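Based on the provided sequences and hints, a complete structural model is requested.
Listed below, chain by chain, are the residues.
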Amino acid sequence: MNWEAIVTTLKLATATATILAVIGLPISYWVAFSKWRWKFLVEAIVALPLVLPPTVLGFYVLVAMGPRSPFGHWYESIRGHGLPFTLEGLVIASTFYSLPFAVQPVAAAFRSIDRRMIEASWTLGVSSWGTFFRVIVPQARAGLVAGFVLSFAHTVGEFGVVLMVGGNIPGVTRTISIHVFDQVQSMDYASAGITSLALLVFSFLILSLVYSLTPRRDRIL
Amino acid sequence: MLNADITKTYKSGVQVKASLHLPPGPSVTVLFGASGAGKTTLLRCIAGLEQLTAGKIVFSGEIWADAAKRRHVSTQKRPIGFLFQDYALFPHLSVRGNIGFGIRHLSHDVRIEHIRRTAANLQIEDLLDRQPNELSGGQQQRVALARVLVREPELLLLDEPLSALDGVAREHVRSELARLLRRLQIPAIIVTHDWVDALSLGDRLHVMSRGLVLEEGTPQEVFARPRHAEVASAVGMENLLVGHLRERNADVVKLQVGTAELYAAVPEGDHTAYFVCIRGENVTLETGHAGRSSARNNLRGRVKEISPTGSLMKVVVDVGFDIVALVTHQALTDMQLSPGVEISVVFKAAAVHLIPRTV
Numbered sequence: 000m001n002w003e004a005i006v007t008t009l010k011l012a013t014a015t016a017t018i019l020a021v022i023g024l025p026i027s028y029w030v031a032f033s034k035w036r037w038k039f040l041v042e043a044i045v046a047l048p049l050v051l052p053p054t055v056l057g058f059y060v061l062v063a064m065g066p067r068s069p070f071g072h073w074y075e076s077i078r079g080h081g082l083p084f085t086l087e088g089l090v091i092a093s094t095f096y097s098l099p100f101a102v103q104p105v106a107a108a109f110r111s112i113d114r115r116m117i118e119a120s121w122t123l124g125v126s127s128w129g130t131f132f133r134v135i136v137p138q139a140r141a142g143l144v145a146g147f148v149l150s151f152a153h154t155v156g157e158f159g160v161v162l163m164v165g166g167n168i169p170g171v172t173r174t175i176s177i178h179v180f181d182q183v184q185s186m187d188y189a190s191a192g193i194t195s196l197a198l199l200v201f202s203f204l205i206l207s208l209v210y211s212l213t214p215r216r217d218r219i220l
Numbered sequence: 000m001l002n003a004d005i006t007k008t009y010k011s012g013v014q015v016k017a018s019l020h021l022p023p024g025p026s027v028t029v030l031f032g033a034s035g036a037g038k039t040t041l042l043r044c045i046a047g048l049e050q051l052t053a054g055k056i057v058f059s060g061e062i063w064a065d066a067a068k069r070r071h072v073s074t075q076k077r078p079i080g081f082l083f084q085d086y087a088l089f090p091h092l093s094v095r096g097n098i099g100f101g102i103r104h105l106s107h108d109v110r111i112e113h114i115r116r117t118a119a120n121l122q123i124e125d126l127l128d129r130q131p132n133e134l135s136g137g138q139q140q141r142v143a144l145a146r147v148l149v150r151e152p153e154l155l156l157l158d159e160p161l162s163a164l165d166g167v168a169r170e171h172v173r174s175e176l177a178r179l180l181r182r183l184q185i186p187a188i189i190v191t192h193d194w195v196d197a198l199s200l201g202d203r204l205h206v207m208s209r210g211l212v213l214e215e216g217t218p219q220e221v222f223a224r225p226r227h228a229e230v231a232s233a234v235g236m237e238n239l240l241v242g243h244l245r246e247r248n249a250d251v252v253k254l255q256v257g258t259a260e261l262y263a264a265v266p267e268g269d270h271t272a273y274f275v276c277i278r279g280e281n282v283t284l285e286t287g288h289a290g291r292s293s294a295r296n297n298l299r300g301r302v303k304e305i306s307p308t309g310s311l312m313k314v315v316v317d318v319g320f321d322i323v324a325l326v327t328h329q330a331l332t333d334m335q336l337s338p339g340v341e342i343s344v345v346f347k348a349a350a351v352h353l354i355p356r357t358v
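Going down the list, the sequences are from chains L and S. Count the first sequence with numbering that gives the first Met the number 0 and you get residues 0 to 220, in order. Count the second sequence with numbering that gives the first Met the number 0 and you get residues 0 to 358, in order.
Any given hint could turn out to be false.
Take a look, some chain L residues computed to stay more than 12 angstroms from chain S by CB distance [said to hold, decoys possible]:
(1) W2
(2) F70
(3) S76
(4) G79
(5) F84
(6) F95
(7) I112
(8) D113
(9) E118
(10) L123
(11) V134
(12) P169
(13) S195
(14) L196
(15) Y210
Within a straight-line C-alpha distance of at most 25 angstroms, the following computed DSS-like cross-link-like pairs (lysine-lysine) qualify [said to hold, decoys possible]:
(16) K347/S with K253/S
(17) K38/L with K10/S
(18) K347/S with K313/S
(19) K10/S with K55/S
(20) K34/L with K10/S
(21) K313/S with K303/S
Using C-beta positions, here's what the derived DEER-type ranges look like [unchecked claim]:
(22) R67/L with H91/S: 43 to 53 angstroms
(23) D4/S with P69/L: 47 to 57 angstroms
(24) N132/S with S33/L: 24 to 34 angstroms
(25) N132/S with R114/L: 56 to 66 angstroms
(26) D65/S with S33/L: 42 to 52 angstroms
(27) H328/S with S127/L: 49 to 59 angstroms
(28) A20/L with R70/S: 37 to 47 angstroms
Calculated directly from the structure, the hints in this document are not laboratory data. Because the structure is a prediction, the values reported are computed rather than measured. By construction, the Cβ of each residue, glycine as well, lies at the ideal position given by its N, Cα and C atoms.
Below, the structure is given as structure tokens:
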């Protein structure tokens with residue numbers, strides 16, 4: 000087993016899932032409760048990574064982070080190096096790529112909360128913030144766990160975006176899925192088999208956990 | 000106390016427009032009407048859960064909402080207690096957690112004492128450690144009331160407080176609620192579509208239909224003498240028939256209803272067609288041949304149908320038109336009534352209420 004690749008993968012997935020848990024929450028809330036008539040456009044943008052080829056998403060992220068883009072230029076000026084082919088760059092790309100997996104289960108859980116629970120909280124003098132943390136979040140717990148676990152697992156399994164944005168630098172951007180690709184390329188089928196099996200078991204366990212936590216009616220997958 | 004002139008127009012064009020004036024003191028006002036009449040909208044506007052399209056709500060001199068000045072005091076800042084139709088208890092909290100939910104600003108000790116006292120007041124001390132899904136409907140209602148009362152509201156708003164219950168439980172909880180409201184001495188507005196609820200809980204009654212208040216008065220006044228045919232049917236007047244004037248005497252009129260004739264007290268005005276309203280409770284059934292006088296209607300007919308309604312039995316008798324009598328189970332057994340049996344239907348002329356038929 001290539002522990003270096005595993006550590007890189009875990010670092011990437013943990014950072015991505017954590018960032019998504021923070022920025023995914025307000026997005027999920029907005030998607031679940033906004034009555035804006037053009038909301039479906041935002042929903043479509045959030046869901047884009049589900050259907051877009053990872054190479055296409057990777058390409059756009061790469062261009063957006065490149066030294067010729069204002070963002071890439073600004074980042075380089077404060078950090079001294081560019082984003083492409085670094086773990087930070089990979090985290091940013093993964094955040095976009097796994098966004099639907101963080102938002103959709105949480106938004107579904109928010110939507111399934113009885114509107115009257117929220118209003119009951121207001122009539123008991125509790126502010127909108129208080130209601131969010133004391134009524135909405137506790138009742139959406141399963142969705143929040145599912146969102147975190149799925150975005151983590153999805154990041155572990157990504158390949159195309161990593162290759163486009165991160166390349167294949169051992170110890171920096173070589174994740175476990177890239178590693179399997181390498182092993183197959185060098186005809187090392189035995190090692191590729193072991194790594195693949197480990198990933199397969201991991202993914203199965205994760206999905207089992209998510210399904211055991213999510214009530215049937217709230218499932219999105 | 001409360002002065003509310005409310006207009007709420009929805010995008011769909013549905014409009015609720017009503018004025019509500021609660022006198023000072025702990026009176027219970029009932030908003031009564033069929034579903035879709037706008038009662039709940041009115042209640043939600045008072046609670047601040049809906050914004051007014053036009054109008055103004057003033058409570059104890061304080062402006063809660065003023066559409067013209069775009070003023071809207073948030074729900075959180077109105078000293079109300081709102082009881083939701085199916086109680087809306089928080090499923091992730093225990094009974095204790097539910098009751099203490101709205102008093103988190105108090106110190107721990109004070110909070111515990113408030114919860115204990117309110118629970119004792121509503122006799123739910125032994126339920127404090129239960130989860131909401133372990134409670135019966137009546138218990139859920141008491142917990143929801145405790146959750147509201149622990150905040151010492153100045154106005155109670157109850158949305159269909161009994162509709163989640165049925166049968167015996169409903170009657171029991173209804174009388175309990177009536178006693179509690181008397182004891183609390185807090186002004187309350189209750190929304191219901193059940194005239195028994197209205198009659199047993201309300202001091203004042205507002206009958207609503209299609210977004211408007213049609214009639215108001217004491218429940219007894221309105222139910223015994225509805226001024227609109229629509230109200231008569233909304234209040235669940237069992238017999239609402241069409242009658243044509245045949246004779247007008249000094250103290251009674253004779254009307255043709257179906258193929259039968261009946262007497263009624265002289266109505267106002269000189270119409271020739273009337274809606275004839277007779278409450279089912281005012282119709283008695285007799286097995287013998289009772290005498291007939293102008294003050295007393297006595298019609299012979301055959302029992303068509305017998306069915307239960309609430310705690311009473313509804314008996315439909317064909318006397319030339321179908322008339323409904325509400326009788327007790329006991330009366331039914333005593334008279335050995337069954338479909339096809341011939342019987343006398345008796346009701347006073349004064350029990351017949353006439354509403355002029357203008358269409």
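Can you name, in rising order, the numbers of the hints this structure does not satisfy?
Hints 7, 8, 9, 10, 11, 25, 26 are the ones this structure does not satisfy, whereas the remaining hints hold.
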